[in-house]
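Undergrad: Residue-level listing of the chains:
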Amino acid sequence: MIRIVETIARKGDWIRISNTVLEPHQRAEHLPEDTKKCPLTMWVKGFLLDEEAKINDTVTIRTYIGRELQGTLVAINPSYQHTYGAYVPELSYIGHQLRDILGGDHHE
Amino acid sequence: MNRDNSYAGVMARKNQIMKHAVGMDYAEFEKDGIVFDYEEMMRKTGYSLDQVRAIERNGNVGETPIYALKNLTKLARIIGGKGKGARIFLKDEAANPSGSFKARRAAVSVYHAKKLGYKGVIAATSGNYGAAVASQAAMQGLKCIIIQECYDSEEKGQPEIIEKARKCEAYGAEVIQLTVGPELFYTFLKTLEDTGYFNASLYTPFGIAGVETLGYEIATWFREHESRDPDMVIVTNAGGGNLTGTARGLLKAGAKDTTIVGASVDLKGLHMASDGQFNRKSFTTGHTGFGVPFATNPDRSDVPRSAARPLRYMDRYVTVSQGEVFYMTEALAMVEGLERGPAGNTAITAAFCLASQMDDDQMIVVQETEYTGAGKHVAAQLTFAKENGIRVERGNPIDQIPGKNIILPEHPSLIQVKELEMDRLRKSYLKHVWKETFTDEEIKYIAAETKMTIETVHNMIHALQQEGGV
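Listed in order, the protein sequences are those of chains A and B. In terms of the numbering used here, the first sequence is residues 69 to 176. In terms of the numbering used here, the second sequence is residues 24 to 493.
Heads up, some of the hints might be wrong.
Cβ pair distances, simulated, as ranges [stated by the list, open to error]: (1) B:414 x A:124: 32 to 40 Å; (2) B:54 x A:130: 43 to 51 Å; (3) B:29 x A:86: 17 to 25 Å.
Think of the hints as simulated: they come from the structure by calculation, not from any bench. Source: prediction; values computed, not measured. C-beta: ideal position from N, C-alpha, C; glycine also.
Kindly produce the complete structure, drawing on both the sequences and the hints.
TA: Spelled out as structure tokens, the structure:
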């Protein structure tokens, strides 16, 4: 996989920012304990409006639909990294099992 | 502008923000006491079936194919024994532009927003609906913001939710991703207020009217191809809109004798707002964590009155386990040649079990599928489960404990639905609207809301009073 990790973002670059929406003490009541002790954090992507910035700088972006938002720069040219996962051997019996039950020429 | 943007400040402006963002006044349909004129709301603010069909056709939505699943039917007959095994049919909603039935809801909502002159639409959803709204907004030329609950506090997110964010961004939407917590609603309100965009809620009359075509298409297809209505239609149930819309569409087509069954994945024991448990479930929708609370208290949604009221239409409600759905997803691919996303296969899992118990001259329809791909795939989801300490094993699904293990059934005959007692759900509904005394109008309303006779409502109220009220 080709991954180019940029460290400096320039005006117009597509970046990802992060923000704290609510600190733990500002959060709603009646949350489970584990949730209550975490801040509510948000992420959003857009084009950098500042001339230049590096990771962890506070920056302003214009989102794809044109809204201006501020936050901490966390990624430059952010890409999707989710995959089909690993091979799951636990699933491998299912197809054969069903084809056996249905018989060799199960296609009607 | 000096707006109070604290949590309490924004929440206090909720009604005002919503009124502007939905463009309708729900007070018009509020009657005496708990009574609310649901049908009047659907008539006055929704669109006729023909209008919805035209809107959807214009958005390339609907008229999806129906397949007879011959091999799964054969399997259900082998398992069910002599004379058993209803024919199983599948409505392939993955064929919609955004890959799920949600395109139907989105098409009408986005059309309506545009008609009212809104510049953009916002939806709060982790799911397929976000992709659907983004897709329709791209098609109809509106701006779109999707707000999703995406990560735990360690910034770890389920591959399925991340895939859905990707899809929304592919359609040019701005995606606001949040950590776990119900205050997503706070961010939603603040963004509605900041932008003045339309609330493309899943629960407005437009959204529900959009699903009516699904039920209507099923009824007309069966009349044309099988010369009669199906015996049973089974719907994956989360917020209740899919079930409500489909059932209303079937009724509008005159299919009054078709049994409507809701199906959810059983996630009992997992708290929906827990940071630690967020990534211990494989199904981000279509599970009991949404299905039961929304059925028994429909107005807990993001509009004052939800148009999704599943108890009005549901005849049966069954659950299946995560492992059973993964097994059936693999089965659908391996013997029917249809690779579809796991969450959308909840209903087919239940349908397979129910078909084996029904007579072989009966017909059962699974009314939805969803697209699959990286992130929304059995392997991606099971890999993620293992990474989060969930045991994936082969055995009897009856031993499954949500959040601890996922059990792939040793044999297809072990796929068994669990019945949720309808009267318990109805009783729970009644407890939500409970008061000292009910007027005759209120009793009539409760009867319509819960699909009970007036006499049964009286009996249930009496029984609850005997138990000491609520």
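Undergrad: If a hint holds in the structure, say so; if it does not, say that too.
TA: Now for the hints, and whether the structure bears them out:
no. : hint                      : result
1   : B:414 x A:124: 32 to 40 Å : holds, 39 Å
2   : B:54 x A:130: 43 to 51 Å  : holds, 47 Å
3   : B:29 x A:86: 17 to 25 Å   : holds, 21 Å
Hint compliance for this structure: every hint is met.
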